[in-house]
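J.: Just so you know, the sequences run in chain order A and B. Read in the numbering used here, the first sequence has 317 at position 317, and its numbers run on one by one without any break. Read in the numbering used here, the second sequence has 19 at position 19, and its numbers run on one by one without any break.
None of these hints come from the bench; they were simulated from the model. Being a predicted model, the structure only gives us computed values, none of them experimental. Do not take every clue at face value.
Dumping the calculated SDA-like pairs for lysine to any residue here, alpha-carbon to alpha-carbon at most 25 angstroms [to be verified]:
#1 LYS82(A) to GLU312(B)
#2 LYS41(A) to GLU312(B)
#3 LYS69(B) to GLU308(A)
#4 LYS185(A) to GLU34(A)
Examples of chain A residues lying across from chain B (beta carbon under 7 angstroms, computed) [stated by the list, open to error]:
#5 ALA74
#6 ARG276
#7 GLN371
#8 ASN373
Between beta-carbon pairs, the in silico distance windows are [said to hold, decoys possible]:
#9 GLU91(B) to PRO236(A): 30 to 40 angstroms
#10 SER269(A) to ARG106(B): 34 to 44 angstroms
#11 ARG106(B) to PRO239(A): 50 to 60 angstroms
#12 ASN118(A) to PRO75(B): 36 to 46 angstroms
#13 GLY198(B) to LEU383(A): 51 to 61 angstroms
#14 LYS219(A) to GLY198(B): 40 to 50 angstroms
#15 ARG106(B) to ALA234(A): 36 to 46 angstroms
#16 THR271(A) to GLU285(B): 52 to 62 angstroms
#17 ASP144(B) to ASP240(A): 52 to 62 angstroms
#18 GLU194(A) to ASP254(B): 51 to 61 angstroms
#19 ASN406(A) to ASP254(B): 31 to 41 angstroms
Even glycine gets a Cβ: it sits at the ideal position worked out from N, Cα and C.
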Amino acid sequence: MTSNVLRFTTAGNVDDGKSTLIGRLLVETQGAFEDQIEGAKRENERRGGKGIDFSLLTDGLKAEREQGITIDVAYRYFATPKRKFIIADAPGHEQYTRNLVTSASNSDLAVILIDARNGIMTQSRRHTFIAHLLGIRHFIVAINKMDLVDFRRERYEEIKQDFETFISRLGGGAETYCIPISALKGDHVTESSEHMSWYTGPKMLELLESIEVDDAAHKLPFRFAVQLVSRPPASPEFPDFRGYMGRVASGSVKVGDRIVVLPSGAQSSVTGIVTRDGRIDEAFARQSVTLTIADDLDISRGDIIATEERPPTARTYFKATLCWMNERKLRLNHRYVLRHTTKTVRAIINEIDHRLNVNTLERESPVSELQTNDIGQVRIKTLQPVVCDPYVVNRQTGGFIILDENNDTVAAGMIQD
Amino acid sequence: MVGREFERVRTAQCALGKEIVMKQEWTHLRELESESIYILRETVAQFRNPVLLYSIGKDSSVLVHLARKAFYPGPLPFPFLHVDTGYKFKEMIEFRDRFCKEIGVRLIVHRNEDAIAAGAHPLKLGVARCCGQLKTAALLHALDKYQFDAAIGGARREEERSRAKERVFSLRDAFGQWDPRRQRPELWSLYSGAIAEGESMRVFPLSNWTERDIWQYILQEKIPVVPLYYARERLVVQRNGTLIPADDAMHLKDGEVPVKMSVRFRTLGCAPCTGAVASCATTLEEIAEETDSAKISERSTRIIDHGANTMEDKKREGYF
């Protein structure tokens, strides 16, 4: 199944033309309206600028416009007849790790912007590394400002080579597509370029429309986290209904399939897949449905229904990569709350194995703490079992968040083997 | 109308015990639908006393449709709350009462009676203060009165730029206020509903929908909407480039002369503050088509978004 929705994140340094690129994509696909564009123009002129500053179109909050910075992840939308696009736009500086981790967690593709004059900088590597860490395996490298390097092919090839060398070090079989563009002039964004006849590949928008991203979730074994148990009052059609509501996290399930409920380990089979539009015989990844099963088992919110053949594991102790997101730093052996799929459990972090230097990719140890925007490998112990897969295999059953006693989300985590 | 027809056929088939086995193509609308259903179920699972903020508009219509799908075959597990300013179009109120009765939901209508009795009107108080009293204060009062800990709304990130940064689960403090700096990061499909005493959550299941998606979905699912969305001849006046309905003389300024035009509404709010757009779209197909080629944003017809007091300020005060 090809997805008709592409969720992607955009990352780049300050001044590399990210806002210009997004602004152009929005304007040229009618994802921004004339009154919004006019508003951005007026605001720019009021502040002494000229023409349209696309960042005024994308920066939503007063503080951002006043300070000329982007604080938070912003979501933007546009569509073409082929696809709907959801952009999670992460700012390049303040709170970069936290914001990029957040935007990458729900994206299947990352657009990395590189200024052709500067080539790959530390920040480009950092952004790529974080997106890759969060499981993104499709990268569009937009080599921007080609007009400022006279549209030279050698410069493009050089940067392309550098990027490919870098990403191969990260492993994991990422696919990379490099495009020489000028976001400001519009070369290779939605239009072709008169200046770079040497480039025969697709334009940015064509690439976004055509990249296949979501094979992974469909090919994986069936996983389904129970959100709620449905026990409606008796009706002629449903005299004694008991169903399990949830969204298929990965794989697919058919009526008649053998399933296992975890952590209890009880086994049964699927007798029905109920939706308000009628019963269906098979449900696929990302579909919200209600399942009925053959046996009367004790199943509640937080349980995982999975295929009997390749079930996930229930664990109370595991290694994880943690991205710390809060000003209050990590406290070892402190009681935290961990949320994973639809399950909430008590957890403590007993050990920090190392911290990753996101600029050099080196592991630093020993370390005694993780601070905001730090990434490290830790050991976590939970009071109740967490039914999971390694994050590199399954993002939906491998990712978790950590809450502190103030209910703040202080960290995002990815379960390792 | 069509919606009800569709409903009857489906129920009849079910009553006969026929299984409707269907294969659906996985379109972007199915993906959005599925995500919204997931969010609605998370809300019911994580909160003690949720409510759906029913504003009668197209987004509310879609939200209700999704909620019915989410909890099928069970009933809707939360009541509806309508904050009535007293200035809603009469077609809206008629639609509300008929629709809520038809689907059998508990509807709570809440009004700031003191402000209404004192004659609050946008021409008298100014739009910002009028909205503050009749909408924001009334909403916060109702949430407090019924002790709702989660309020589900139909706002979309695409609508307005401060909403582009809004979370799906948006935390409000004990005064119902929004602090963009205190919002939590939202990763994967993990929406955290953890709140402290007095705090509450606004939940936005339609966050990722655009106006185009909404109309395409209404068309696909044959969802009933208020007739004001369809074009017909109506009396309007031109005010600051906006077409204001002129059915009621009290909403007119001195010297304004109403004219008859074929118009429709892209968004629905209070009669004195909601602009119409010139349009000949009289069917859902035509509306969806018109939305596809729209050059101006839908919020441009809402006077509340104009002027110095922005949506961001209103959200901070407790507005949606």
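J.: Next, verify each hint and record whether it holds.
T.: Against the structure, the hints:
1. LYS82(A) to GLU312(B): violated, 33 angstroms
2. LYS41(A) to GLU312(B): Holds, because 20 angstroms separates the two Cα atoms, which is no more than 25 angstroms.
3. LYS69(B) to GLU308(A): With a Cα-Cα distance of about 29 angstroms, the restraint between LYS69(B) and GLU308(A) is violated, given a limit of 25 angstroms.
4. LYS185(A) to GLU34(A): holds, 20 angstroms
5. ALA74: Holds - the Cβ of ALA74(A) comes within 7 angstroms of chain B, reaching about 5 angstroms at its closest.
6. ARG276: Since the shortest Cβ distance to chain B is 4 angstroms, the answer is holds.
7. GLN371: Violated, because the Cβ-Cβ distance from GLN371(A) to chain B comes to roughly 16 angstroms (cut-off 7 angstroms).
8. ASN373: violated, 12 angstroms
9. GLU91(B) to PRO236(A): 30 to 40 angstroms: 36 angstroms Cβ-Cβ, so the 30 to 40 angstroms window holds.
10. SER269(A) to ARG106(B): 34 to 44 angstroms: holds, 38 angstroms
11. ARG106(B) to PRO239(A): 50 to 60 angstroms: violated, 25 angstroms
12. ASN118(A) to PRO75(B): 36 to 46 angstroms: Taking Cβ atoms as reference, ASN118(A) and PRO75(B) lie about 60 angstroms apart, which means the hint is violated.
13. GLY198(B) to LEU383(A): 51 to 61 angstroms: For GLY198(B) and LEU383(A) the Cβ distance comes to about 28 angstroms; the hint is violated.
14. LYS219(A) to GLY198(B): 40 to 50 angstroms: holds, 46 angstroms
15. ARG106(B) to ALA234(A): 36 to 46 angstroms: Violated: the Cβ-Cβ distance is about 20 angstroms, outside 36 to 46 angstroms.
16. THR271(A) to GLU285(B): 52 to 62 angstroms: violated, 40 angstroms
17. ASP144(B) to ASP240(A): 52 to 62 angstroms: violated, 39 angstroms
18. GLU194(A) to ASP254(B): 51 to 61 angstroms: holds, 58 angstroms
19. ASN406(A) to ASP254(B): 31 to 41 angstroms: violated, 55 angstroms
Consistency with the previously given hints fails for numbers 1, 3, 7, 8, 11, 12, 13, 15, 16, 17 and 19, ordered from lowest to highest.
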